[in-house]
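**Q** The lines below spell out each chain.
Protein chains: 2
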Amino acid sequence: MKNRPIGIFDSGVGGLTVFDALARTSPAESLVYFGDTGRYPYGVRSKRVIVEYSRQIAGFLERQGCKFLVVACNSASSLALEEVRASVSVEVIGVIEPGAAAAVRATRNGHIGVIGTEATIRSGSYTRAIHAIRPDIKISAVACPLFVALAEEGFAGKPATRLVAEEYLSGLVDAGVDTLVLGCTHYPLLKSDIAAVMGPRVGLIDSATEVARVVGNRLVSLNHHSERNETADHQFYVSDTPERFASVGKRFLGYQVAPVHLVDMEALQHFAEPASSDI
Amino acid sequence: MKNRPIGIFDSGVGGLTVFDALARTSPAESLVYFGDTGRYPYGVRSKRVIVEYSRQIAGFLERQGCKFLVVACNSASSLALEEVRASVSVEVIGVIEPGAAAAVRATRNGHIGVIGTEATIRSGSYTRAIHAIRPDIKISAVACPLFVALAEEGFAGKPATRLVAEEYLSGLVDAGVDTLVLGCTHYPLLKSDIAAVMGPRVGLIDSATEVARVVGNRLVSLNHHSERNETADHQFYVSDTPERFASVGKRFLGYQVAPVHLVDMEALQHFAEPASSDI
Numbered sequence: 001m002k003n004r005p006i007g008i009f010d011s012g013v014g015g016l017t018v019f020d021a022l023a024r025t026s027p028a029e030s031l032v033y034f035g036d037t038g039r040y041p042y043g044v045r046s047k048r049v050i051v052e053y054s055r056q057i058a059g060f061l062e063r064q065g066c067k068f069l070v071v072a073c074n075s076a077s078s079l080a081l082e083e084v085r086a087s088v089s090v091e092v093i094g095v096i097e098p099g100a101a102a103a104v105r106a107t108r109n110g111h112i113g114v115i116g117t118e119a120t121i122r123s124g125s126y127t128r129a130i131h132a133i134r135p136d137i138k139i140s141a142v143a144c145p146l147f148v149a150l151a152e153e154g155f156a157g158k159p160a161t162r163l164v165a166e167e168y169l170s171g172l173v174d175a176g177v178d179t180l181v182l183g184c185t186h187y188p189l190l191k192s193d194i195a196a197v198m199g200p201r202v203g204l205i206d207s208a209t210e211v212a213r214v215v216g217n218r219l220v221s222l223n224h225h226s227e228r229n230e231t232a233d234h235q236f237y238v239s240d241t242p243e244r245f246a247s248v249g250k251r252f253l254g255y256q257v258a259p260v261h262l263v264d265m266e267a268l269q270h271f272a273e274p275a276s277s278d279i
Numbered sequence: 001m002k003n004r005p006i007g008i009f010d011s012g013v014g015g016l017t018v019f020d021a022l023a024r025t026s027p028a029e030s031l032v033y034f035g036d037t038g039r040y041p042y043g044v045r046s047k048r049v050i051v052e053y054s055r056q057i058a059g060f061l062e063r064q065g066c067k068f069l070v071v072a073c074n075s076a077s078s079l080a081l082e083e084v085r086a087s088v089s090v091e092v093i094g095v096i097e098p099g100a101a102a103a104v105r106a107t108r109n110g111h112i113g114v115i116g117t118e119a120t121i122r123s124g125s126y127t128r129a130i131h132a133i134r135p136d137i138k139i140s141a142v143a144c145p146l147f148v149a150l151a152e153e154g155f156a157g158k159p160a161t162r163l164v165a166e167e168y169l170s171g172l173v174d175a176g177v178d179t180l181v182l183g184c185t186h187y188p189l190l191k192s193d194i195a196a197v198m199g200p201r202v203g204l205i206d207s208a209t210e211v212a213r214v215v216g217n218r219l220v221s222l223n224h225h226s227e228r229n230e231t232a233d234h235q236f237y238v239s240d241t242p243e244r245f246a247s248v249g250k251r252f253l254g255y256q257v258a259p260v261h262l263v264d265m266e267a268l269q270h271f272a273e274p275a276s277s278d279i
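From first to last, the protein sequence lines are chains Z and A. In terms of the numbering used here, the first sequence opens at residue 1 and continues consecutively. In terms of the numbering used here, the second sequence opens at residue 1 and continues consecutively.
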């Protein structure tokens, strides 16, 4: 068990921020990353569809021998975590609880802002996770759907991105949040644009680091952590456009991910039973 | 045959511009519209995947009794038209040739600009279609991937959109094109932003009107045109989020589309044979 890989999945390339944090904090662990580039983005889709896609990918990663799964997509973590847990036999964690915990630790005035995709914000997942820790915290949540496209298309730092950030975030500045959860794995790419609008007194919470810490601790407590010394082996799988994944991935990580394997989507569908009708 | 509907499909909501033009110019024709909202956008995907999705939808529309199919998506028209034609028994037209013909008629200086998604521009489909009519025309083509998200999220007319348009289009202005093909069904929503950057001397070609004219003429020449007098019956199908389709659709059309039916994606896959291995 110990030397089996950790599986990480996202709707696309954004979860590489979690991959990177995990590769740095747990260098002995082999990682298998799956980006659903043939069907991204998830943030505009329904719970029904996000659950269906997520269960297929979790099934695929379990079949690859993964000992532990990380749902690195905020939309899938918000809407499909319980369904993924029910469909595989290994432990699964999402990115919402770690991000919420880090935000609660960081806030001084008890007012936290949350930004994410339409699906994540509509789900109320961060509100529930924050209130489960401290019910007295005030939360202001805003969907920022254009941020994903701006990050993917390399518009970080451009004037258009600043204008979009002002439009989405000025309400949060006025509301007086002192902490802002970047509730989408793409948003760290726009960190400087977001920070410029929010101002120097607002702390930005990027859950990737926190998720990596939680995964590392959890593996140790399960006694499933790798103890080998040789270099870990990382694998990348996508459902479409491996070259595009590699080039956008380099923008995320600053280094090359390779090789990137293509998984046939028809085959992918056989890794999960059809979703039950009560979803 | 005459009273069977025309099928129109797009990766999402953008093809409603073609639906609208057809409903206006051929009011006796019933229309069945399919938006692949569970898997859009197509413009960032590979030929392999666009062919697979397009053949499934064409199979679905043929099974609904459609007498004629319109591929209203520029990306699918660019990359999957021949494969769709080979997979159904009814006539199929795409949006590239009609748009190219309209642009060739419009240009005075023989220099046409083409904008579209990454998939459409990379395919070279407009260049081939324009050169098939007039090989001497000079063509400048630019991918504008952010335009789809800006149109979908209601950013038409906003300063950020103007900045993005300047970034994408200033090269075309400098190059001296006198005609610009809006090679994506979403782009007519940003027409005023695009026109403001291109200036009053550049004509914008929105292929929807031209496609509607070609379809009307073709049905008459096949003797498949509807001759009934009662109101035509329109149907809308999507692969996810029917409410979102209805609300974004209203932004496109200015009127409500209803009812919007949800099609299960697992079922959709059975409407096409697996794509052949040589794609």
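Don't read these hints as lab results, they were simulated from the structure. Predicted, not measured: the structure shown is a model, and the values here were computed from it. Among these hints, one or two may not hold up.
[Said to hold, decoys possible] DSS-like mimics (lysine-lysine), calculated; alpha carbons at most 30 Å apart, straight line:
#, chain 1, residue 1, chain 2, residue 2
1, A, Lys2, Z, Lys158
2, Z, Lys47, A, Lys47
3, Z, Lys191, A, Lys158
[Unchecked claim] Stretch-level coverage of chain A by chain Z, calculated; a stretch enters the list once three of its residues show a Cβ under 8 Å from a Cβ in chain Z:
#, segment
4, 38 to 52
5, 141 to 149
6, 176 to 182
7, 263 to 270
[To be verified] Sample of chain Z residues at the chain A side, in silico, Cβ under 7 Å:
#, residue
8, Gly38
9, Val142
10, Glu153
11, Gly157
12, Val164
All C-beta atoms, glycine included, are put in the ideal place defined by N, C-alpha and C.
**Q** Quickly compare the C-alpha distance for Lys191 of chain Z and Lys158 of chain A to 30 Å and report which way the hint goes.
**A** Holds, at about 22 Å.
**Q** Between the segment 263 to 270 of chain A and chain Z, are there enough contacts, at least three residues with CB-CB distance under 8 Å, for the coverage claim to hold?
**A** Answer holds; 3 residues pass the 8 Å Cβ test.
**Q** Hold the hint about Val142 of chain Z up to the distance rule: shortest CB distance to chain A must be less than 7 Å.
**A** violated (13 Å)
**Q** According to a criterion of three or more residues whose C-beta lies within less than 8 Å of a C-beta of chain Z, is the segment 38 to 52 of chain A covered?
**A** Coverage by chain Z holds here, the residue count being 8 at a Cβ distance below 8 Å.
**Q** Go through the hint on Glu153 of chain Z and say holds or violated, using the shortest Cβ distance to chain A against 7 Å.
**A** Holds: closest Cβ of chain A sits about 5 Å from Glu153 of chain Z, inside 7 Å.
**Q** Minimum Cβ distance from Val164 of chain Z to chain A below 7 Å?
**A** Check passed: Cβ of Val164 of chain Z comes within 5 Å of chain A, closer than 7 Å.
**Q** Any CB of chain A closer than 7 Å to the CB of Gly38 of chain Z?
**A** Holds. Min distance 5 Å.
**Q** Holds or violated: is the Cβ of Gly157 of chain Z closer than 7 Å to a Cβ in chain A?
**A** Since the shortest Cβ distance to chain A is 13 Å, the answer is violated.
**Q** Between the alpha carbons of Lys47 of chain Z and Lys47 of chain A, is the straight-line distance 30 Å or under?
**A** Satisfied, since the Cα-Cα distance of roughly 28 Å is no more than 30 Å.
**Q** Would you check chain Z against the segment 176 to 182 of chain A, counting CB to CB pairs closer than 8 Å, and say if three or more residues qualify?
**A** violated (count 0)
**Q** Please verify the coverage claim for the segment 141 to 149 of chain A: does it have three or more residues whose C-beta sits within 8 Å of some C-beta in chain Z?
**A** holds (count 4)
**Q** Would you mind confirming whether the straight-line C-alpha gap from Lys2 of chain A to Lys158 of chain Z stays at or under 30 Å?
**A** With Cα atoms ~53 Å apart, Lys2 of chain A and Lys158 of chain Z exceed 30 Å; violated.
In this structure, the earlier hints numbered 1, 6, 9 and 11 are contradicted, and the remaining ones agree with it.
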